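*Asks:* All chains should be built: construct the whole structure from the sequences, respecting the hints.
Protein chains in written order, with the working numbering: chain L, 1 to 652; chain R, 1 to 345; chain F, 1 to 86.
Hints should not be assumed to be uniformly reliable.
When the alpha-carbon atoms are kept at most 25 angstroms apart in a straight line, the in silico DMTMM-like pairs for lysine to aspartate or glutamate are as follows [stated by the list, open to error]:
1) L/K393 x L/E83
2) L/K3 x F/D43
3) R/K289 x L/D78
4) R/K53 x L/D36
5) R/K214 x R/D149
6) L/K16 x R/D255
7) L/K73 x L/E542
8) R/K198 x R/D288
Just so you know, the hints here were simulated from the structure itself, not pulled from any lab data.
Remember, predicted model here, so these are calculated numbers, not experimental data.
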Amino acid sequence: MLKPKKVSMALLLGNKKLLDQAVETLHDLNCVHIVDFTEETDFLSIGRPTEVASDASNKLIKLRSLSNFLGIKQKYSDNPLNEKSLLNEFDAKMDELDSAVSKLLERRNVLENEIKNIEIHIHDLQPLSLFPLNIEMYSGYKSVSVRAGYIQGDHVDIETEIKNVTTKCDISFCAYNKTNVITLFSPVELTNAISEILERYNFSEIHIPELTGDPEKLLAGFNNRKEDIQSELESLENAISELQTRYSEFILASDEILSIITQKAEVPLRFATSENTFIIDCWIPDDQFDNVAQVIKDRFNTSIFITKLDIEKEEIKTENIPVEYDNPELVKPLETIMDLYSRPMYKEIDPSTIIFITFPLFYGIMLGDIGYALVLLTLGMIGKAKIRSEGLKPLATLLIYCSISTLIFGILFAEIFGFHLFGPHTVVLELFGEHSALGEMFSNFHALPILERLGREDIPILLIATALIGVLHLNMGFLLGFRNEVVSHGVKVAVLEKISWIVLQLGIALAVLSAFEYIPVVGKTVGAVVALLGVVMLIAGEGGAAILELPSILSNTLSYTRLAAVGLSSVGIAFAVNEIVTGMLFPKGGLFILLGIIVLLVGHTINTVLGVVAPGLHALRLQYVEFFTKFYHGGGRKFDPFGYTRKYTEEK
Amino acid sequence: MAFLIRRGSKKYPYITARVRAMKSKLIPKEVYPKLMNMDIPEITRLIGESEYKQDVDELAQRYSGLDLLEHALNQNLARTYRKLLRVSQDEPNFLITEYLRHWDIWNIKTILRGKYYGAPAQEILDAVVAAGQLGYRELTSIANMESIDDIKTALTHSPYYAAIAEYEGGELSVIENELDRIYYSRLLASIGKSKGEKLSLKYIRTEIDLKNLKTLFRTKKAGLEKDEILNLVIPGGMELKSGDLKRLSSLSWPDFLKGLEDYSYWSDISEVVREDMASLMDVEAVLDKYAMGYATRISHYYPLSILPIYDYMLRKNNEINNIRTIVRGKKVKLPDEIIRKHLVM
Amino acid sequence: MVDISIADATVEQILANQKGLIAIGAGLAVGLSGIASGIAEKDIGAAAVGAMAEREELFGKGLILTVIPETIVIFGLVVAILLLFL
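*Replies:* In structure tokens:
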């Protein structure tokens, strides 16, 4: 429970001729973690993929390209396809799909190009349509140069300037889109002189399209065509999404099968091979080793040799041993939290079970409200039922754990949506009236709250209590750290590095207790001596720099007061919303009641969201930053068995 | 208070952390021996399962086989560099932009070289990497031009026009050197005096040294005269100042090799430098490796600077070169040992 | 402005005055420590988001690193609560 699953190291050795069958067997077993062979020598080299790899890869490239084009998304399939029949019809279906897609693609390209051209034409024609001339009138002269374009500045100025150069010209202006459009017919020999003037007014030329006819009619024609194309493009998109629905299953299933084929075909790249033999270096869960050995023996008799190696003797580095969690079903959702940080190393304590308790505990202390707890519980239940993604499911379960803890603390704090549950002025009284049976029962109930967060008397107690929780949590960390150090570096180091902190705390505790006169005055001196002993041990263990670490014991402990502080901020928001509504809005009556209800809903929705996020992050942080740093290293490698978990297909 | 807020405004934390994460996704060196045992489709598929997915998926509609892989590599490189530009701001963005201009140089060289050998436009475009200021469209239109004059006109406004203004076709090595010189002098001139910019000089001036060393080796071996050599080297290096370059270029081949012993690069190249070496391939490989190692080393000293980004850019380019070496080697059926020798890891 | 000199002030006024000062102190404790942790978190947060943009699995580490300085504001809050309630 507190340790990863035990694995043993194994070596498989056999004749190369049996390689394919061996691969099949291992793939079916789906419990062997293969270690990649990397150090090539004169005798041993990395194996080569089997022939099918190349062909399957080609198919996969094509398939994935089509899948990308159609925008196929991973989804959950309820009726897996049969592998054999799928492979039989694969080529035919692929051709069908490929030609359908390339037809669509081709047509789309054509249309997109045309629409681009049309847009250019429309862009040019729009200003020209303001003038009465047909398009062909703008070109084809020998002695007349025609210019059309956008221009900035006062058109009278421009006109006079040009008229100064020549009067043998025809100038027209039109206002268009906040600028002026000019058309200008002038003698060819004056082109340069006129250009100069135009330049000064930031002239930018309109390209005259090679068309004939009335620009307005042309424009209308182009706009019609553009609409046609757009609707055709839309129908193409529809055709694409139709293909997507029709072929989605086929693509996902084929991808899966081909992936399995290439996975098997390329696995020799992870083996060591000599001329005639192959060697597979692997890890097998201890409890499955006998089964694996038996299967190999049954299928290959003695022609493939399997043996267990001694981890200690082989001097394997712990970071190279793959780690598989070994936790009860209830604790499994917490593994997500572990992976978010880092998987434990093989010889480390796996703290999943501990955070199974402490994470919801901290969460509950912070949120601690019956109302929010019930909302979150419902959300968690819905999530658990609806979510199918393996990655998110644990989070829904975690939410349920946290909401249960929140419910318990909500009862202890006697809070519901930031209202008092018991005593005078509570929701119950507001709803049922002071003299109803229920109202009297709730207002006269005094056993709860154990701690009252809505008043101010209990706050210091809450702060001290959370700091004490911190002391307990931290020391649990030190003890776990002690155990980890004993395993990795021996008892002496473990005592000096971890127990020293506990000694230091004892010393401080003695001194503080005697300072407040809970114990005789001698305690002060004894405490100081004990604390000093702790410091000396620490320096002996971790060196002089450890002195810099000393204040962390204080800051870490104080850090746990966030359990109270974050909770208070959540209560504060709820309280504020309630006060606004019950104190200010409801008494005014009428429409304000409606407004009050809206404020209530919005306020508490926001607070619920904050209530998931803030306590979640802070509970996480207390685990990761305060707790884990005392004992946890992480960095373990995931146990990744050679095999495939099929989603879209089945073998038979 | 203001100084506290402003200090981070150079926007390095985001981009350097992101680049580090990108660096961790580069192909690890244990994978190269596996790639060598794979066929081209397998390699394409494998890289298409990671960082190259978008490129392979898109291009597989149009290309297949080796073409697909080569295009995917090029497109990915350009895309990666453009992504760096997109996700960076302020000073890092400026420095990346300036540094990436060497792809403009590369592309101009590629096009001119392609034209010189009469390669079709499509083949030239296969080799360009649109990571600089010249976009792929511009490059396409330039590559499609027939005459050198048209190309020159198209590049009139580029800062590199000076290098090609006189070019009338024919031998390219002078132009290529001139392009490099313009690139580096502009780069050195554009980089200002802020602390972050000075750090970038640290790497760039070393890169100039390494480039000059390559030039010196090549020209010395070919027996060029001092003046000719001095025309080819790039001023502004870190250790090889103009005095050093003058001295080294006037020495005879054996004395030149001895002269190099005074510089810090010697410890890295001494192993492969022989007076009677037949090819300079080993030396150049070592110098390339040195550039990468140097960038990595100094990026550890200045984690919040442009240096980790340079380091990544070099390594990404190297990854692509390595894959290309493997697949091209495979295509012409080179023995594994030779391919392995060409890989820089 | 109401002119209050200490000599003329009643006991109630002085107490109210002290209460106000305590509230200002508490406000400063939360506000300043909030600014401080904000400044400290700014670059870490930017870096964490940068790393996460490339590798989503760094979410956990990024989160932890980002929230480390926020201990400062928690201390501020605790100080404020102590000021107000003790």
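*Asks:* Which hint numbers does the structure go against, in order from smallest to largest?
*Replies:* 1, 2, 3, 5, 6 and 7
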